[in-house]
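**Student:** Spelled out from the first residue to the last, the chains are:
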Amino acid sequence: MTLILVVDDEHLYRHLLKVNLEKEGYDVIAASDGEEALDIISTKRPDLVILDLLMPRLDGFTTCERIRQFSNMPIIILTAKGDEQDRVAGLNIGADDYVVKPFSATELVARVRAVLRRAETTEQVANNRYFIHGNLKIDFARAEVWRENKPVYLSATEYRLLIQFAQNISKVLSAEELLSSIWGPQYRTDKEILWVSIARLRQKLEENPHRPLHIVTRPGLGYLMPPAEKEI
Amino acid sequence: MNISRMIKMEIPIDVVSLDHLYAISRMVCENTDWKEMLDDATHLVRTILIFDNLAVYLQDPDTKEIEVLYAKAIGRGREGGEDVTWGEALASQVIQNLETILQQPGLVKVENRLKQPYLLGIPLRIDHKCLGALLLIRFGGPPYEENQVKLAEFIAQQVTQLIEKQQLYEIARRIDDQDKQIQLQKDFISTISHELRSPLGFIKGYTTTLLRSDTSWDNATQMEFLQIIDQETDHLQLLIENLLDSSRLQSGLLKMKYQHVRVDTLVRDAIARKKMYHSNLETELQIKGELSPIQGDPYRLSQVIENVLSNAVKYAPESKIYIKIEQYNGSTQIDISDNGPGIPQKYIPHIFERFFRNPEQSPTIHGSGLGLFICQQIMIAHQGSITAESKINQGTTIHIELPNQPKLI
Numbered sequence: 001m002t003l004i005l006v007v008d009d010e011h012l013y014r015h016l017l018k019v020n021l022e023k024e025g026y027d028v029i030a031a032s033d034g035e036e037a038l039d040i041i042s043t044k045r046p047d048l049v050i051l052d053l054l055m056p057r058l059d060g061f062t063t064c065e066r067i068r069q070f071s072n073m074p075i076i077i078l079t080a081k082g083d084e085q086d087r088v089a090g091l092n093i094g095a096d097d098y099v100v101k102p103f104s105a106t107e108l109v110a111r112v113r114a115v116l117r118r119a120e121t122t123e124q125v126a127n128n129r130y131f132i133h134g135n136l137k138i139d140f141a142r143a144e145v146w147r148e149n150k151p152v153y154l155s156a157t158e159y160r161l162l163i164q165f166a167q168n169i170s171k172v173l174s175a176e177e178l179l180s181s182i183w184g185p186q187y188r189t190d191k192e193i194l195w196v197s198i199a200r201l202r203q204k205l206e207e208n209p210h211r212p213l214h215i216v217t218r219p220g221l222g223y224l225m226p227p228a229e230k231e232i
Numbered sequence: 001m002n003i004s005r006m007i008k009m010e011i012p013i014d015v016v017s018l019d020h021l022y023a024i025s026r027m028v029c030e031n032t033d034w035k036e037m038l039d040d041a042t043h044l045v046r047t048i049l050i051f052d053n054l055a056v057y058l059q060d061p062d063t064k065e066i067e068v069l070y071a072k073a074i075g076r077g078r079e080g081g082e083d084v085t086w087g088e089a090l091a092s093q094v095i096q097n098l099e100t101i102l103q104q105p106g107l108v109k110v111e112n113r114l115k116q117p118y119l120l121g122i123p124l125r126i127d128h129k130c131l132g133a134l135l136l137i138r139f140g141g142p143p144y145e146e147n148q149v150k151l152a153e154f155i156a157q158q159v160t161q162l163i164e165k166q167q168l169y170e171i172a173r174r175i176d177d178q179d180k181q182i183q184l185q186k187d188f189i190s191t192i193s194h195e196l197r198s199p200l201g202f203i204k205g206y207t208t209t210l211l212r213s214d215t216s217w218d219n220a221t222q223m224e225f226l227q228i229i230d231q232e233t234d235h236l237q238l239l240i241e242n243l244l245d246s247s248r249l250q251s252g253l254l255k256m257k258y259q260h261v262r263v264d265t266l267v268r269d270a271i272a273r274k275k276m277y278h279s280n281l282e283t284e285l286q287i288k289g290e291l292s293p294i295q296g297d298p299y300r301l302s303q304v305i306e307n308v309l310s311n312a313v314k315y316a317p318e319s320k321i322y323i324k325i326e327q328y329n330g331s332t333q334i335d336i337s338d339n340g341p342g343i344p345q346k347y348i349p350h351i352f353e354r355f356f357r358n359p360e361q362s363p364t365i366h367g368s369g370l371g372l373f374i375c376q377q378i379m380i381a382h383q384g385s386i387t388a389e390s391k392i393n394q395g396t397t398i399h400i401e402l403p404n405q406p407k408l409i
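Same order as they appear, the protein sequences are chains A and B.
The first sequence begins at 1 in my numbering and counts up one residue at a time.
The second sequence begins at 1 in my numbering and counts up one residue at a time.
Honestly, the hints are just simulated from the structure, not real lab data.
Treat each hint with caution, since some may be false.
[As the list claims (entries may be wrong)] Computed footprint of chain A on chain B, listed as stretches where at least three residues anywhere in the stretch have a Cβ under 8 Å from a Cβ of chain A:
no. : region
1   : 194-200
2   : 203-209
3   : 212-221
Don't be surprised by glycine CBs; every beta carbon is placed ideally from N, CA and C.
Based on the provided sequences and hints, a complete structural model is requested.
**Tutor:** Spelled out as structure tokens, the structure:
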């Protein structure tokens, strides 16, 4: 049975989506904000998420971004913001499709079918909410990092930097690559910014920042997170 | 001013020490008002540069007229008052030529010093513009030495910086105010488009659900959807009416239609209408003494009562609503209270402003920021008042005061 998660803060929208999708034979569960959605995703693993953008607590953009850090499940964004900028932004953070409010029930159902059909041909990436590397644990859904089971507080940039390594395990990432993907292309040559950030990250994550185990320097090439088994 | 230029001034270190210059520039940093800075600096400056009168003229950038904005008479100048020169003519000349001008009497007669002013005029220039001129006047000399002229120019530059800073502050403040206005408008547009789209989205969604050709719905479900559509249409209607009312009230186009109004009946009707939509709503109405009819617009007064009741239902959904009516001193008092979460004190002064919404409020609670504004405008039109009192976690009371017989205007 196909399971669809509907995330909207408005009860009337949740109801609307539920009745229409259930009529199509799908199983539907609903969440009223991003945090609730992320919890449901990691326990129930739905086949598709329909996500409203404007929500309290955790908005749709952030929720979509977090889901994409650990899963490639199909996401349809539901937005009252119809302008191009918002639709493009939605697709850029990894949504598969978007539906602009007000929408017709027929159109919505058709889009759900189309997205699910496309998803069948795509291989599902192992949906792991947690990433473990030695004594380090990342919770992608909550954007939290734990070391020796104690929370580590990272700035947004530090977190994004760490995620880059975690998602490219044992791959050397060059300074230019890291700088342009995290700070933006105009920072490509500002190596000093990266040095400071790597040093700060090591201070927070490593037992001995001078002999790092999680983020290792490859002189002349860049940095990498080595495969975990080597250091345990 | 950088160090190398200070050295070029060649002021003998025994006349003006670095301490003096530092003290003057510190006054510039610490003051935001250039006149206050001059007040503070005069005493210090006089220990190194003697003068009797000091005047600052500023030029209006549009009309080019000059106007004296600061004048101080010290020493001999104090005896002369308005009869002595304040260097206005020289100020114009300085501003026109954009250069420092010295003006000294040819022959000095000791008996009437006040008639023999030694004038030093310095333009207050910054970048390419001239803000005005600083004038120093010595009655009966001695003539200004070159070093003293340079020191005076240094002071003039400091004053210029401060005037410019003050003018920029003023401009920044104005732009800031305008920004706030624009932001308010933007917030309004974004709130209102969200508020309008929201019922529209439900109407569209549930209508197209009913219209789906590939499926059918049982009668009960159809009724449920139609009720939602009906309710959302009313919601939209109310919103549009509120919008129109608020513009009419704002522009004074909405006239009150006065007639005899029985306040208790009006309040009872409003409560009954609320209960139609909120069957669980609990209310307690307390009427003190006999109420006599008042003059008012019954439709608009009902609007106020219903709006306040709606807010209580919306923001304090768990609470019972208490309504108290009494009349004394020719006026009618209506208090509507709830035991809800309350409104933070800092927002109370703003809740009657047009488009204001408590920013800490969950975005799931809909509102346009018009309701209480409309209430207040209606109360003003009735020569009455509406005020709020609130305690966090204890509740909110809205006080309404109406004159029983408003004065005819």
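**Student:** Hint by hint, note whether the structure agrees.
**Tutor:** We went through each hint and held it up to the structure:
1. 194-200: holds (count 4)
2. 203-209: holds (count 6)
3. 212-221: That given contact holds, which follows from 5 residues of the region 212-221 of chain B lying within Cβ reach (below 8 Å) of chain A.
Hint compliance for this structure: no hint is broken.
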